[in-house]
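Enquirer: Listed below, chain by chain, are the residues.
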Amino acid sequence: MDSAAKIVITRVEGGTITIRPPDEPYADTAQQAETARLGIWLFIGSETLFFGGLFTAHFVLRYLYPGAFAAAAAETKLWIGTINTVILLTSSLVFVIASRRADAGDLPASRRLLLVVVGLGLGFLALKGYEYYTDFAEHLVPGPGFQLKGAMSEPSELFFVSYFLLTGLHSVHLMVGIALVLYLWARNGHVRPDNHDLTRTEVIGLYWSFVDVIWLFVYSIVYLPGRSG
Amino acid sequence: MIGTYLAALCLIALNVRLAYVPLGWAQSWVAVGLSVATIFLVGRRYMHLAGAPALVRVFAVGALFWFAIMMALTGADYLTRQQAGALAYWP
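These protein sequence lines are chains A and B, in that order.
The first sequence: position 53 = 53 (our numbering), numbered continuously.
Take any residue in the second sequence, count from 1 to its spot, add 1000: that is its number in our numbering.
Quick caveat, the hints were computed from the structure, so don't treat them as lab data.
Hints may contain errors.
[Unchecked claim] The calculated SDA-like cross-link candidates involving lysine to any residue, where the alpha carbons are at most 20 Å apart (straight line), are:
(1) A:K6 x A:R192
(2) A:K128 x A:G168
(3) A:K77 x B:D1077
(4) A:K6 x A:T199
(5) A:K128 x A:A179
(6) A:K77 x B:Q1027
(7) A:K77 x B:L1018
(8) A:K77 x B:V1016
(9) A:K77 x B:I1012
(10) A:K77 x A:L198
(11) A:K77 x A:L148
(12) A:K128 x B:I1012
(13) A:K77 x B:L1014
(14) A:K128 x B:V1016
(15) A:K77 x B:L1055
(16) A:K128 x A:W79
(17) A:K77 x A:R192
(18) A:K77 x B:S1028
(19) A:K77 x B:V1061
(20) A:K128 x A:V86
(21) A:K77 x B:L1009
(22) A:K77 x B:L1006
(23) A:K128 x A:T82
(24) A:K128 x A:V176
(25) A:K77 x B:R1017
[As the list claims (entries may be wrong)] Listed next, with one range per pair, are the computed distances between beta-carbon atoms:
(26) A:Y26 x B:T1074: 39 to 47 Å
(27) A:G119 x B:W1029: 34 to 42 Å
(28) B:V1036 x A:Y26: 34 to 42 Å
(29) A:L182 x B:W1025: 40 to 48 Å
(30) B:L1014 x A:E154: 30 to 38 Å
(31) B:L1009 x A:L42: 25 to 33 Å
(32) B:L1014 x A:A27: 42 to 50 Å
(33) A:L64 x B:I1002: 36 to 44 Å
(34) A:A179 x B:L1079: 39 to 47 Å
This structure is a prediction, so every number in the text was calculated from the model and none was measured.
Glycine included, every Cβ here is placed at the ideal spot set by N, Cα and C.
Just chain A, same shape as in the assembly (with noise of 0.2 Å):
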């Protein structure tokens, strides 16, 4: 073993960080941090792609019926649309400012911030699945029972078939989220981080983040037009 795979304890602001040796076939653990940094910035692009089809089809059946899709996009519940993207936008800020803590070596603190980050993730889809109750309620459902008849019926039921299926998806990935800052809270169960949990921890933040980036897209061509009349 050569004098790169030392572990070294640094002191830092909150406590200590340990440094540990990086794992095969790195060469060093800032090569290591970055090809994890690269690598869920890939993944963030393919996610960006599989969201910008959805986008795209959405915007392609608004160009081809834009009063049916503005009058559809009227039913939807703008309060809670916007109190989801504040919510989202907290965890987002939280999840910083656990990760700084985590940088700062006072993980127990950081996985304190952690647990309001699934709070406010779970206070979402509780938003959500009341919204999806009351669309079922409603009648906005695409199926025999859709509520808006008349002429504009069929764009009508299209602008819902779009809506649901950004915000499910979106939903699904808040889920998926939400277990992976569970297995983060989990995992740094211990008191002295080191370079590995503060890489795992800047990753997740970075997907979570992401998650809140497409909501805000969502809520921008789902929520907020038809409200002018």
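Take the given structure of chain A and dock chain B to it, following the hints.
Expert: Frame of chain A; chain B shown alone:
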């Protein structure tokens, strides 16, 4: 960090307010534009793109670039169908 949060909240509030103001054809562009501005703030500070290495930024811009290609080619098709007379074949 808190400044980014407050700026993003202001953009969201402005977006909600402007949704109720009749802006005609610009309505959708304003809503998407303000959201993209909020996304820019989140990407810059919460996703650490502000101080990221060049390669990470290339990956992020690459994702947007491919998305733009998809939007542009699909848009070019649908926006020119009428000129090509293809709408006549629609059911």
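Enquirer: Next step is simple, just say for each hint if it's right about the structure.
Expert: Hint-by-hint comparison with the structure:
For the given pair, A:K6 sits about 17 Å from A:R192 by alpha-carbon distance, which is consistent with the 20 Å threshold. A threshold of 20 Å between alpha carbons decides the hint, and for A:K128 with A:G168 the separation of about 9 Å falls inside it, so the pair holds. For the given pair, A:K77 sits about 33 Å from B:D1077 by alpha-carbon distance, which is inconsistent with the 20 Å threshold. Restraint check for A:K6 and A:T199: the C-alpha separation of about 19 Å stays at or below 20 Å, so the hint holds.
In summary, the hint linking A:K128 to A:A179 is supported, as the alpha carbons are separated by about 18 Å, within the 20 Å threshold. Distance hint between A:K77 and B:Q1027 is fulfilled; the C-alpha atoms sit about 19 Å from each other, no more than 20 Å. At roughly 17 Å between alpha-carbon atoms, A:K77 and B:L1018 fall within 20 Å of each other, so this suggested pair holds. Using a Cα cut-off of 20 Å, the hinted pair A:K77 and B:V1016 holds, with the two alpha carbons roughly 12 Å apart.
Taking the CA atoms of A:K77 and B:I1012, the gap is about 16 Å. The hint holds against a cut of 20 Å. Restraint check for A:K77 and A:L198: the C-alpha separation of about 39 Å exceeds 20 Å, so the hint is violated. In summary, the hint linking A:K77 to A:L148 is supported, as the alpha carbons are separated by about 16 Å, within the 20 Å threshold. With a C-alpha separation of about 18 Å, the suggested pair A:K128 and B:I1012 falls inside the 20 Å cut-off, and the hint holds.
Only pairs whose Cα atoms come within 20 Å are accepted, and A:K77 paired with B:L1014 is accepted, the gap being roughly 18 Å. Restraint check for A:K128 and B:V1016: satisfied, since their Cα atoms lie roughly 19 Å apart, inside the 20 Å limit. Restraint check for A:K77 and B:L1055: not satisfied, since their Cα atoms lie roughly 40 Å apart, outside the 20 Å limit. For the hint pairing A:K128 with A:W79, the CA-to-CA distance comes to about 11 Å; that is within 20 Å, so the pair holds.
Taking the CA atoms of A:K77 and A:R192, the gap is near 45 Å; set against the 20 Å cutoff, the hint is violated. Straight-line distance between C-alpha atoms of A:K77 and B:S1028 comes to about 18 Å, which keeps the hinted pair within the 20 Å bound. Restraint check for A:K77 and B:V1061: not satisfied, since their Cα atoms lie roughly 33 Å apart, outside the 20 Å limit. For the proposed pair A:K128 and A:V86, the alpha carbon gap of about 13 Å is at most 20 Å, so the pair holds.
Distance restraint check for A:K77 and B:L1009: the Cα-Cα separation of roughly 19 Å lies within the 20 Å cut-off, and the hinted pair is therefore satisfied. Under the criterion of a C-alpha separation no larger than 20 Å, the hint pairing A:K77 with B:L1006 is inconsistent with the structure, at around 24 Å. Between the alpha carbons of A:K128 and A:T82 the distance comes to roughly 11 Å, so the proposed pair stays at or under 20 Å and holds. With a CA separation close to 16 Å, the supplied pair A:K128 and A:V176 stays within the 20 Å bound.
Of the pairs offered as hints, the one joining A:K77 and B:R1017 holds, with about 15 Å between alpha carbons and a cut-off of 20 Å not exceeded. At about 40 Å, the CB distance of A:Y26 to B:T1074 agrees with the hint of 39 to 47 Å. Look at A:G119 against B:W1029: about 36 Å separates their beta carbons, and that is inside 34 to 42 Å. Remark: the range hint 34 to 42 Å for B:V1036 to A:Y26 is upheld by a beta-carbon distance near 36 Å.
A C-beta distance of roughly 45 Å is found between A:L182 and B:W1025, which places it inside the suggested range of 40 to 48 Å. Checking the proposed 30 to 38 Å range against B:L1014 and A:E154 shows it holds: the Cβ atoms sit about 34 Å from each other. In this structure the supplied range 25 to 33 Å holds for B:L1009 paired with A:L42, their Cβ-Cβ distance being about 31 Å. The hint said 42 to 50 Å for the Cβ distance between B:L1014 and A:A27, and at roughly 48 Å that hint holds.
Checked against the hint of 36 to 44 Å, the pair A:L64 and B:I1002 passes, with Cβ atoms roughly 43 Å apart. Between A:A179 and B:L1079 the C-beta distance comes to about 41 Å, which sits within the given range of 39 to 47 Å.
The structure is inconsistent with the numbered hints 3, 10, 15, 17, 19, 22, although it conforms to all the rest.
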